[in-house]
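Protein chains in written order, with numbering that gives the first Met the number 0: chain Y, 0 to 126; chain G, 0 to 422.
None of the hints are false.
Facing chain Y, according to a computed beta carbon distance under 10 Å, are these residues of chain G, among others:
(1) Ala345
(2) Ser402
(3) Trp405
Keep in mind that the hints were calculated from the coordinates and are not lab data. Positions of the beta carbon are idealized from the N, C-alpha and C atoms, including for glycine.
Residue strings, one per chain:
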Amino acid sequence: MAYTDKVIDHFENPRNMGSLDKESTEVGTGIVGAPECGDVMKLQIQVEEGRIVDAKFKTFGCGSAIASSSLATEWVKGMTLEEADSLKNTDIVEELSLPPVKIHCSVLAEEAIKSAIEDYQSKQSSD
Amino acid sequence: MLESISMTNEASEETPSLEANSLVYMDNYSTTRTDPRVLDAMLPYFSMHYGNAHSRSHSYGWAAEKGVDTAREQVAALINCKPSDVIFTSGGTESCNLAVKGVSQMYAEKGRHIITTAVEHRSVMDPLRALERGGFDITYLPVDTTGTVDPQSLKDAIREDTIFVSVIFASNEIGTVQDVSAMGAICKEAGVIFHVDACVGLDTETIDVDAMGIDLLSISGHKMYGPMGVGALFVRRRRPRVRLSPQLEGGSQERGMRHGSLNVPGIVGLGKAAQLCLEQRTADRERIRSLRDRMETAFTEGLEEVYVNGHPTSRLPGSLNVSFNYVEGESLMMGMSSVAVSSGSACTSSTLEPSHVMKALGVDEELVHTSIRFSLGRFSTDEEVDRAVEQCLQAARKLREMSPLWEMFKEGIDLASIEWKHD
Chain Y
0 MAYTDKVIDH
10 FENPRNMGSL
20 DKESTEVGTG
30 IVGAPECGDV
40 MKLQIQVEEG
50 RIVDAKFKTF
60 GCGSAIASSS
70 LATEWVKGMT
80 LEEADSLKNT
90 DIVEELSLPP
100 VKIHCSVLAE
110 EAIKSAIEDY
120 QSKQSSD
Chain G
0 MLESISMTNE
10 ASEETPSLEA
20 NSLVYMDNYS
30 TTRTDPRVLD
40 AMLPYFSMHY
50 GNAHSRSHSY
60 GWAAEKGVDT
70 AREQVAALIN
80 CKPSDVIFTS
90 GGTESCNLAV
100 KGVSQMYAEK
110 GRHIITTAVE
120 HRSVMDPLRA
130 LERGGFDITY
140 LPVDTTGTVD
150 PQSLKDAIRE
160 DTIFVSVIFA
170 SNEIGTVQDV
180 SAMGAICKEA
190 GVIFHVDACV
200 GLDTETIDVD
210 AMGIDLLSIS
220 GHKMYGPMGV
230 GALFVRRRRP
240 RVRLSPQLEG
250 GSQERGMRHG
260 SLNVPGIVGL
270 GKAAQLCLEQ
280 RTADRERIRS
290 LRDRMETAFT
300 EGLEEVYVNG
310 HPTSRLPGSL
320 NVSFNYVEGE
330 SLMMGMSSVA
340 VSSGSACTSS
350 TLEPSHVMKA
360 LGVDEELVHT
370 SIRFSLGRFS
380 TDEEVDRAVE
390 QCLQAARKLR
400 EMSPLWEMFK
410 EGIDLASIEW
420 KHD
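Throw the hints in and build the complete structure from the sequences for me.
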């Protein structure tokens, strides 16, 4: 099973790899997965007036996990929170041509997005 | 007109140097390249001496038989047994299966307790699990964090109804070599049949079945620079005489223990591979070990948070199983894609389960997912080591930049204290 070109591309040229200020009220941070499972994704979004203006990721995981989270940050940039919340893991699977054994990577990326949105929203309500 | 067979008894030349490659092969415990000298020995048995080794009535058969006889002698010389004690099989998996199933079926009336270790290869583990489901009682001896079994634990585990002990000589995953001599002595005293899975390690280590008290020994051709699809099983004939129930039936070959026409070219290749191992195992051992040590030092000194898995000294010379903390194994392999290696990470297995051997060591599960196995061999070179080190360090650094766990570590956060959100 050779890696697909798209997965390799996300590894060699990661989009939006890095960190945002997790203390900022404009930033939502989602951390999902666990080290003992071999998959941890940190996905952050910067939100202005209900729209995601920046997104960053860091991932501990296989090539497909890195590609899934990298792709997720690419897609959510420019989306409203509602649009980002309705992103389906199956979209990621299709775009990256993930084989069945790697589908869980896309599920984790979807969870990371939702977790980041949830974190952002919890910061708004506590102000 | 059949040409006469040339017997290659003269001393072989030096290890041939292979053509330079853009890829670096460091996965010798998965399989080894067939030595060109082995290939040369095999070829005439495809095109000239292609008779069935059991055809008694013509010279094609005699020529094939002669090739097989020579191979039997070569394998016997490698492990210090009689040629008639050697049975040929289709490979290490078949040899291990024949040992486990052959003994358990033959001696089931005598007892149903078998002892093995927690770090066996699946070709022993799986048949034993099947026996367990069928009513046998299996004891799995634990290992310490270096992967070593304490021989005392074997002694303590032996019972009245123990009929068989099976131990892997050297781990294909972490390279740890077991003290089979001590275990052989324990089994001999207790009158229990002792099988050693020696599929990995015969290219550099010396196994003497008499001195070590071994009754059955599994051998794999493609792990010792021979061809795939062939192996051998040493079966002791005297003191004690070990009998096996055949698993393949349909003839009378191999002393009734393994029927089927012999894979003559494969067997000739296995024999030649064995001869080469006998001749160069000492020199290869030192050369491979020094390459491995240089590589290990480059990793442990080039990066922090690097852990070497396996016993520090009692380890195969080519084995380098190393965990780069905070970097997942499959992604690291992808990052150094021109170097062929393996990983203990769950992501690389078809069942998404991490390696059971690594788990048995009792190390942090995270170190399992971050482990990479380099297995150097006869054809590894200094230049390859340099390239592999450079690629690996570069990829590891890049992946650490990408890793949220590395970030947390650098911030001084104790990862063990975090409550992770996962299913």
